[in-house]
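Using the hints, position chain B with the ligands against chain A.
Same order as they appear, the protein sequences are chains A and B. Position one of the first sequence corresponds to residue 1 (the numbering used here), numbered consecutively onward. Position one of the second sequence corresponds to residue 1 (the numbering used here), numbered consecutively onward.
Any given hint could turn out to be false.
[What the hints assert, rightly or not] Straight-line alpha carbon distances no greater than 35 Å define the calculated DSBU-like cross-link-like pairs of lysine-lysine that follow:
(1) A:Lys181 x B:Lys121
(2) B:Lys75 x A:Lys181
(3) A:Lys170 x B:Lys188
(4) A:Lys220 x B:Lys75
(5) B:Lys76 x A:Lys107
(6) A:Lys181 x B:Lys80
(7) A:Lys258 x B:Lys26
(8) A:Lys181 x B:Lys224
(9) B:Lys209 x A:Lys244
(10) B:Lys209 x A:Lys103
(11) B:Lys218 x A:Lys244
(12) A:Lys258 x B:Lys253
(13) A:Lys49 x B:Lys188
(14) A:Lys228 x B:Lys26
(15) A:Lys220 x B:Lys121
(16) A:Lys258 x B:Lys76
(17) B:Lys198 x A:Lys258
Calculated directly from the structure, the hints in this document are not laboratory data. Since we're looking at a predicted model, the values are computed, not measured.
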Amino acid sequence: MNFLVLVKQVPDTEKVKIDPISGTMVREGLDVTMNPLDSHALELAVSLKEKLNGSVTVLSMGPMNTIDVLRDAIALGADRAILLSDSALAGSDTWATSLALAKAIEKLNIAFDLMICGEKSTDGETGQVGIELATLLNLPVVTYVSELIELGSNFVLVKRSIEDAHEVWKAPLPACLCVLKSVAEPRLPTLAGKKTAMDAKIEIYDTESIGINREEVGLKGSPTRVVKVFNTKIARNCRIYADKDILEGIERVVGLIKAVRDGEAK
Amino acid sequence: MILVLNNKIDRSSFELLSKARKLADKASMKLAFLLMSNSKKDVQQLARFGPDMVILAVHEKFNRFSLDPFLSTAKKILAKYSPSIVLAPATTFGRTLMPALAASFRTGLTADCTELDVDEKGNLLQTRPAIGGNVMATIVTPTHRPQMATVRPGVFEIVEHRKDDVQFIEERIEDLSDRCQLISVEPKQAGARLEDAKIIVSVGKGLRKKENVEVAFKLASLVKGAVGASRAVVDARWLSHDHQVGLSGKTVKPRIYIAAGISGAVQHLAGMQTSEIIVAINKDRYAPIFKVADIGIVADAYWVLSELVQRLERESDESGG
Ligand SMILES: Cc1cc2nc3c(=O)[nH]c(=O)nc-3n(C[C@H](O)[C@H](O)[C@H](O)COP(=O)(O)OP(=O)(O)OC[C@H]3O[C@@H](n4cnc5c(N)ncnc54)[C@H](O)[C@@H]3O)c2cc1C
Ligand SMILES: Nc1ncnc2c1ncn2[C@@H]1O[C@H](COP(=O)(O)O)[C@@H](O)[C@H]1O
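Same shape as in the complex, but just chain A (with noise of 0.2 Å):
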């Protein structure tokens, strides 16, 4: 049973600066990390990888610095590391961003039973790459996997989480899951996999090897622009109570919540 893992590497989200002209992300020279939400799709990968065999490839697009995040998962069970870097990347949306990963696949011929992707970066924060990117492949998706109840050789069973129910899907194979956190807790790298980390390869490739047109990406081939960025400050007028007024402000909260809880107004 062969595995395909999105992850994507993220800035400390502290620390992250903003490019005034293009309005996005400067994400050169700070700490990255993987986004958390893929570590547990690696998780889940590699533990089915140790009970079917077969063999996890993750695959990032980012820039160079990204490899140390997947040297993580090198360290963490996968076998196989796929970088796409370029400068031309850069600015990538959602769908410049699916669009160049699919090409990837395609390109590379990365054979997989199943493509796992987060439910979302902590940066991006939008949930739409790991779709989009499936949608490209003509892959089944099940979106929001709470749990993984068995792999057969040509399906799937998941149970999936959403607003009003839990669910449960059976879909064949290959196919794209995107999970949610509760799908496998991340194990710690071992002394054993940093050192096969340090040593492993990982295959770098850019538009050129992919065969991607330049203009079809980054910023360029974004069809969504950042036009503003702005921060929101909304300051109320508190009114403190501290010391001897604690309890007088314990009080008129006491009046506020009978006067909303019995229906009088304000």
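Quick look at chain B with the ligands alone, frame taken from chain A:
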């Protein structure tokens, strides 16, 4: 402009319908609602929000959402009507269908917008929190059509709009195939829904320990409210993710929001700062939450919640006999 909906018509749909009517008026666009459902029963409800047109696609497969049948139907209908804007609620339905639709039409999609506007050229201005909620970004789709966005539940007001000449069109759906198969459905138990509660008691790490969260439930049940939480509380597994308020949780807008032991990180504020009255309880006089609060109590959160419970219980005892 087309709004894409499934049979789960609820508040989030009504909010979006209300907003879309305003946008359509501003841009002098026609507004259509596309309802993909297993029955026609919700059609009249939709008409209350003033569409120019309701497009109906009825099929038993639309009973529960699955990507294949919804995607093929929506694709056909969008191709037929060529809307310049396509919107859907950012529910698990909209957040699954819309990326697949956007990829099919090779266009852009903005996820989880919290504000929408149109400019004089008919460009949709899509605003959403970005970069971990640290800033807001406005996004446009200048050259691709349709312009697509999902819209976060809980941010727009519900406004009805009477219109006499709503046109109803039923689109015929032929065979629908689905590569996936639904095996079973187990409904989740419905607690007091955070999104609908008039009073929310929200807890943060300042409650000090898991057992202390119980007092928030007591208070919430006394006031017929619901319990919210910060991410730190959810990460510590004191409460499930359903309770999380904020950027990666729910957006709420109750009459009263009580933030107990919550520091007030931007990501939390993103989900509650438009509440009508905000009460903050924090032992740190300089906690950022006080900047967005109307009433601040500088004290131990557990103690204050317990006091509120006691006082409200006393009241009900007295009035009860
Ligand atoms: C991409 C991203 C998305 C995020 N999404 C969300 C989200 O959706 N929702 C969310 O809430 N957070 C979110 N966060 C996390 C957010 O940044 C904060 O870490 C989180 O809100 C902090 O929770 P807290 O206030 O409970 O805990 P803390 O930051 O630990 O604050 C505890 C507060 O309690 C006070 N306190 C301590 N003891 C007491 C006491 N005895 N009595 C009263 N007060 C006391 C302290 O003064 C402090 O202000 C997100 C972060 C990122 C990067
Ligand atoms: N640049 C990327 N490279 C590889 N996988 C990605 C990339 N961007 C997003 N993904 C995958 O798509 C999921 C959703 O990401 P997003 O749409 O950015 O929220 C992530 O959890 C990843 O599995």
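Checked hints:
1. A:Lys181 x B:Lys121: violated, 42 Å
2. B:Lys75 x A:Lys181: holds, 31 Å
3. A:Lys170 x B:Lys188: holds, 20 Å
4. A:Lys220 x B:Lys75: holds, 26 Å
5. B:Lys76 x A:Lys107: Measuring from Cα to Cα gives roughly 30 Å; hence the hint holds.
6. A:Lys181 x B:Lys80: violated, 39 Å
7. A:Lys258 x B:Lys26: Cα-Cα ~41 Å, so violated.
8. A:Lys181 x B:Lys224: Holds - the C-alpha atoms of lysine 224 of chain B and lysine 181 of chain A are around 31 Å apart, at most 35 Å.
9. B:Lys209 x A:Lys244: holds, 26 Å
10. B:Lys209 x A:Lys103: Distance of about 50 Å is beyond 35 Å: violated.
11. B:Lys218 x A:Lys244: Answer holds: lysine 218 of chain B to lysine 244 of chain A is near 26 Å, not above 35 Å.
12. A:Lys258 x B:Lys253: holds, 18 Å
13. A:Lys49 x B:Lys188: holds, 32 Å
14. A:Lys228 x B:Lys26: With Cα atoms ~21 Å apart, lysine 228 of chain A and lysine 26 of chain B stay inside 35 Å; holds.
15. A:Lys220 x B:Lys121: holds, 21 Å
16. A:Lys258 x B:Lys76: violated, 53 Å
17. B:Lys198 x A:Lys258: holds, 12 Å
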